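Undergrad: Here the sequence shown stands for residues 1 to 345, where the numbers follow full-length UniProt numbering.
To be clear, the hints were calculated from the coordinates, so they are not data collected in a lab.
Bear in mind that the values here come from a model prediction, so they are computed numbers and not experimental data.
Heads up, a few of these hints could be off.
[To be verified] Label pairs and their computed distance ranges (CB to CB):
#1 Glu285 x Glu20: 49 to 59 angstroms
#2 Glu185 x Trp141: 25 to 35 angstroms
#3 Glu20 x Ala188: 38 to 48 angstroms
[As the list claims (entries may be wrong)] With a straight-line cut-off of 27 angstroms between C-alpha atoms, the simulated DSS-like cross-links for lysine-lysine are:
#4 Lys199 x Lys268
#5 Lys199 x Lys79
#6 Lys212 x Lys268
#7 Lys303 x Lys212
#8 Lys326 x Lys268
#9 Lys146 x Lys295
#10 Lys308 x Lys326
#11 Lys334 x Lys79
#12 Lys334 x Lys308
#13 Lys295 x Lys334
#14 Lys79 x Lys4
#15 Lys199 x Lys211
Idealized CB from N, CA, C, for every residue including glycine.
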Amino acid sequence: MVQKLPPRLAAHPTVRAVQERPSQPPGVIDADWLRTVCREAGVDDVGFARVDNPALASEVEHVEAALPGAVSYLSLVVKMNRDNVRSTARSVANQEFHRSGEIMNEAAHRVTRVLQDAGHRVINPSATFPMEMDRYPGRIWVVAHKPVAVAAGMGVMGIHRNVIHPRFGNFILLGTIVVGSEITEYGAPLDYSPCLECKLCVAACPVGAIKKNGEFDFIACSVHNYREFMGGFTDWVQTVADSADGEDFRSRVSDSENASMWQSLSFKANYKAAYCLAVCPAGEEVIEPYLDDRKAFMEVVLKPLQEKQETLYVLPGSAAEEHALKRFPHKPVKHVGSGIRGVRE
1 MVQKLPPRLA AHPTVRAVQE RPSQPPGVID ADWLRTVCRE AGVDDVGFAR
51 VDNPALASEV EHVEAALPGA VSYLSLVVKM NRDNVRSTAR SVANQEFHRS
101 GEIMNEAAHR VTRVLQDAGH RVINPSATFP MEMDRYPGRI WVVAHKPVAV
151 AAGMGVMGIH RNVIHPRFGN FILLGTIVVG SEITEYGAPL DYSPCLECKL
201 CVAACPVGAI KKNGEFDFIA CSVHNYREFM GGFTDWVQTV ADSADGEDFR
251 SRVSDSENAS MWQSLSFKAN YKAAYCLAVC PAGEEVIEPY LDDRKAFMEV
301 VLKPLQEKQE TLYVLPGSAA EEHALKRFPH KPVKHVGSGI RGVRE
């Protein structure tokens with residue numbers, strides 16, 4: 001039933017133009033059509049999941065706040081170029097991460113436009129940054145891409161806490177679109193894990209964040225790998241504030257560290273490691289060199305990262321420091337704070 005409008009509003013040219021044309025409310029979205037739209041937009045794979053999926057219950061209040069009436073997720077997958085990620089030149093690896101993020105966000109934006117033009121309510125939260133920093137250090141992401149991807153059948157979380165796609169391995173970037181409409185077909189989790197449990201990620205992590213028994217030390221990972229993200233930046237600023245003068249500051253922070261922080265601030269935040277991604281051999285498109293000659297694979301992929309001369313950032317007296325000194329004595333260790341309140345030492 002059409003709502004009766006006030007005469008002045010009903011007489012407005014925009015209102016008259018809209019009321020004079022045929023109107024059909026958007027229906028259920030055809031899954032095959034949607035897959036085609038996503039692939040034409042630039043993604044390499046896509047799956048669908050329901051917002052009310054019990055496995056995704058923790059996401060409901062957050063996506064409902066971002067898009068009231070959210071019904072479905074589109075889990076988007078973009079492949080990364082593997083040897084870029086594996087390079088000891090971190091500028092090469094970081095550019096791959098950032099460029100893949102740009103491709104993902106552009107593809108998600110295109111798909112969102114198509115769905116919007118078809119009459120659907122839809123949003124595409126960022127695959128990477130920006131995030132909701134007013135919530136920091138709490139949950140800053142609008143939607144958790146990894147559990148949505150798992151529910152949609154796009155992969156399974158490996159021991160290194162990254163989603164491993166059955167074909168592309170962990171050399172992927174994930175994105176999520178939230179839409180307020182049903183889709184004709186939804187995915188289901190894989191019935192196996194692509195993770196080989198080879199533990200190369202354990203061997204590669206310079207601060208021992210990934211344990212052989214499957215445990216994960218988030219703080220160790222955050223302090224080193226994310227040194228130039230929120231927490232590390234805060235610690236760097238505290239160092240600036242605590243320094244007596246310029247000479248004192250430069251005795252605490254090297255020229256290369258300052259230049260690296262400047263680069264992350266002026267370009268995009270760069271990762272210090274992500275070696276767990278680099279060495280993972282899982283995935284149908286990735287695994288052949290590992291199967292052909294595992295020793296050669298480790299010589300070419302794992303060993304250069306292990307032997308790389310680089311500073312490792314750790315909390316003083318931490319398990320990460322103990323691991324770094326024992327396993328990587330050739331890598332200088334530097335004591336820093338986490339930048340997270342309550343986790344300074």
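Undergrad: Now, for every hint given, state plainly whether the structure supports it.
TA: Checked hints:
no. : hint                                : verdict
1   : Glu285 x Glu20: 49 to 59 angstroms  : holds, 53 angstroms
2   : Glu185 x Trp141: 25 to 35 angstroms : holds, 27 angstroms
3   : Glu20 x Ala188: 38 to 48 angstroms  : holds, 45 angstroms
4   : Lys199 x Lys268                     : violated, 30 angstroms
5   : Lys199 x Lys79                      : holds, 23 angstroms
6   : Lys212 x Lys268                     : violated, 32 angstroms
7   : Lys303 x Lys212                     : holds, 19 angstroms
8   : Lys326 x Lys268                     : violated, 32 angstroms
9   : Lys146 x Lys295                     : violated, 31 angstroms
10  : Lys308 x Lys326                     : holds, 15 angstroms
11  : Lys334 x Lys79                      : violated, 34 angstroms
12  : Lys334 x Lys308                     : holds, 16 angstroms
13  : Lys295 x Lys334                     : violated, 32 angstroms
14  : Lys79 x Lys4                        : violated, 51 angstroms
15  : Lys199 x Lys211                     : holds, 9 angstroms
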